[in-house]
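There are 2 protein chains.
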Amino acid sequence: MNEPGAITDLVTRLRQGDTRALARAISLVENDAPESPAVLSACFPHIGRALRIGITGAPGAGKSTLVDRLAQQFRHADRTVGVVAVDPTSPFTGGALLGDRIRLREHASDPGFYARSMATRGSLGGLALATADVALVLEASGKDVLLIETVGVGQDEIEIARLADITLVILVPGMGDDVQSLKAGVMEIADIFVINKADREGADRVEQEIRGLQSLAQTHEPRTPPVVRTIATTGDGILALMQSIGETEQWLRSGNHLAARRTQHWQRRLDAMLRTELMRRARQNGFDTKLLKFHATRIASGQQDPWHLVAELTEKVFSPDNSS
Amino acid sequence: MNEPGAITDLVTRLRQGDTRALARAISLVENDAPESPAVLSACFPHIGRALRIGITGAPGAGKSTLVDRLAQQFRHADRTVGVVAVDPTSPFTGGALLGDRIRLREHASDPGFYARSMATRGSLGGLALATADVALVLEASGKDVLLIETVGVGQDEIEIARLADITLVILVPGMGDDVQSLKAGVMEIADIFVINKADREGADRVEQEIRGLQSLAQTHEPRTPPVVRTIATTGDGILALMQSIGETEQWLRSGNHLAARRTQHWQRRLDAMLRTELMRRARQNGFDTKLLKFHATRIASGQQDPWHLVAELTEKVFSPDNSS
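As given, the protein sequences belong to chains A and B, one line each in that order. Mind the numbering: the first sequence is residues 1 to 324 in my numbering, read in order. Mind the numbering: the second sequence is residues 325 to 648 in my numbering, read in order.
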């Protein structure tokens, strides 16, 4: 697939609803294949219209069920739906694969629905970039709504949540010190708080804690995030949540809130893209893994000062004589 | 402080036990001041001897109390102790500052003890690098044992835990699905599991879950991590934990386990250092924040393709004509 024609063709087909072409394009960008920039570039003119909703919460909060319920509601309203599930579950549990299978069974025959689970790509920041790329291809395929589901526990997940136009933070009563122990940054990105499994004891307390933190925060935001209670397994509260999402969407599309968020998103993403590309180019100019390992051995045994080495290696990359 | 002489002097003083010099050097590297590489470089010849112990666990697991208990034990055994506490707690709680104050009160008069809380530096990976730098300065000051305390929930924290020679993963009974929901990677880095607050109901279940996951994992490691129960507040189990740490240290120092770990550590750190330095140099060559913001606005409104832009900007950085 080296000719540009093949990539144009692939994107044309995925835009026409060809699910196999969509799956293939997603795999290319998810795996950061050599064709990835060309695929993304070909998809880029076809984005900007979809509403991106991030759903984040601890393992066991009921995110998948909630996402399925929301997907059903959007489909009833005749809006097409793409789901990206990012669940870097421990290799021990294999949660992501199971989730996929349940979804496939339910929506297999619906051409207006497509779901994809992400595996972890590389280390720091890699997963956030890969998710952004996959979401972009899904959006280019013409989906009206993207649901991006993540485990809200780490910096990577916060970066992923920031892909979204609207972020739902899911909490559950009785799951320990949930509100207090929310990772720094998670409170701040919430547009809507969802208390799921709201029939459990302690839902009132969770809501009070959210309200308490909100009043402490003296928020700079022009809008205090609403709190919605749901029971995803029965569907209770889903209509209220849909309404809350609708109101948030309206608010975002009024004024320049949406444009401002998307600019911020692209600024962070551009920075990450440049960082990745710089490192790729540097690896071609001698920063390869084998060399790093050689130097690491010498550093660990005290024979080589890493700060001198970094200055030296960087100089070499930027030096004109070294360009090949 | 631009003359190399001043930095040599600073490092000489911190090596002689001058706490103010130590605090100043740590601030320089924590804030990534221009003098930072020179300070680290001057400290580098004086490291390699200390034992680095990482302590990681969810908020509320009792990490600080446990760290204080371990510090006391090491001081009783006449080993000097440095603590680096990395707790990117939400701005709402201000946990890190409070922790510092408690520690300062307890150990203020002990010259063989020094504790420092880290603030978050930058985004992805920045905190792990900053913590590594602070730990290095502390180690160069002559501490025998470093205790590095982190909230074990994100990729950043896993990177921080990997600074350590020995990693303790702290679990607590009754804190929800704790073992199951451990972030991918946390199980894998544990050298010792600590069940703290072991007098609570459910300690047996937590231990069974750990054992279950260990048997599932078919570990590649040459050594199955022991499980130790403690009650940090009363001191119960701390001697058993100290013994377990001692055995792990002995095992590490036999064969080349310790050298292999430290080489791996330096390989990752070198990679991160090169990445950071490349980006710094690139920013000087035109990748500045203002430019990124300008482009982000154009991308968000669909006027500029980011993949073409990244290729173009990167080319410019590596182009000989552009070296200044």
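There may be inaccurate statements among the hints.
In silico SDA-like cross-links for lysine to any residue, where the CA-CA straight-line distance does not exceed 25 Å [said to hold, decoys possible]:
hint : chain 1 : residue 1 : chain 2 : residue 2
1    : A       : K290      : B       : K614
2    : B       : K614      : A       : A260
3    : B       : K614      : A       : T314
4    : B       : K640      : B       : N609
5    : B       : K617      : A       : G202
6    : A       : K293      : B       : L633
Chain A stretches covered by chain B per the calculated footprint, using a threshold of three residues with CB under 8 Å from any CB of chain B [unchecked claim]:
hint : stretch
7    : 23 to 30
8    : 70 to 84
9    : 253 to 267
It should be emphasised that the hints constitute simulated quantities derived from the structure, not laboratory data. No residue lacks a Cβ here, since even glycine has one placed at the ideal position from N, Cα and C.
Against the structure, the hints come out as follows:
For the hint linking K290 of chain A to K614 of chain B, the alpha-carbon distance of about 36 Å lies beyond 25 Å, and the restraint is violated. With a C-alpha separation of about 15 Å, the suggested pair K614 of chain B and A260 of chain A falls inside the 25 Å cut-off, and the hint holds. Distance check on the hinted pair: K614 of chain B and T314 of chain A sit about 24 Å apart at the alpha-carbon level, within 25 Å; holds. The hinted pair formed by K640 of chain B and N609 of chain B meets the criterion: a straight-line CA distance of about 8 Å does not exceed 25 Å.
The hinted pair formed by K617 of chain B and G202 of chain A fails the criterion: a straight-line CA distance of about 44 Å is larger than 25 Å. Of the supplied pair hints, the one linking K293 of chain A and L633 of chain B is violated, its CA atoms being roughly 32 Å apart against a limit of 25 Å. By the rule of at least three residues with a Cβ nearer than 8 Å to a Cβ of chain B, the coverage given for the stretch 23 to 30 of chain A is violated, with 0 such residues. Given a C-beta distance limit of less than 8 Å, the hint that chain B covers the stretch 70 to 84 of chain A is violated, as 0 residues qualify and 3 are needed.
With 7 residues having a Cβ less than 8 Å from any Cβ of chain B, the stretch 253 to 267 of chain A passes the three-residue criterion, so the hint holds.
In summary, the numbered hints that this structure violates are 1, 5, 6, 7, 8.
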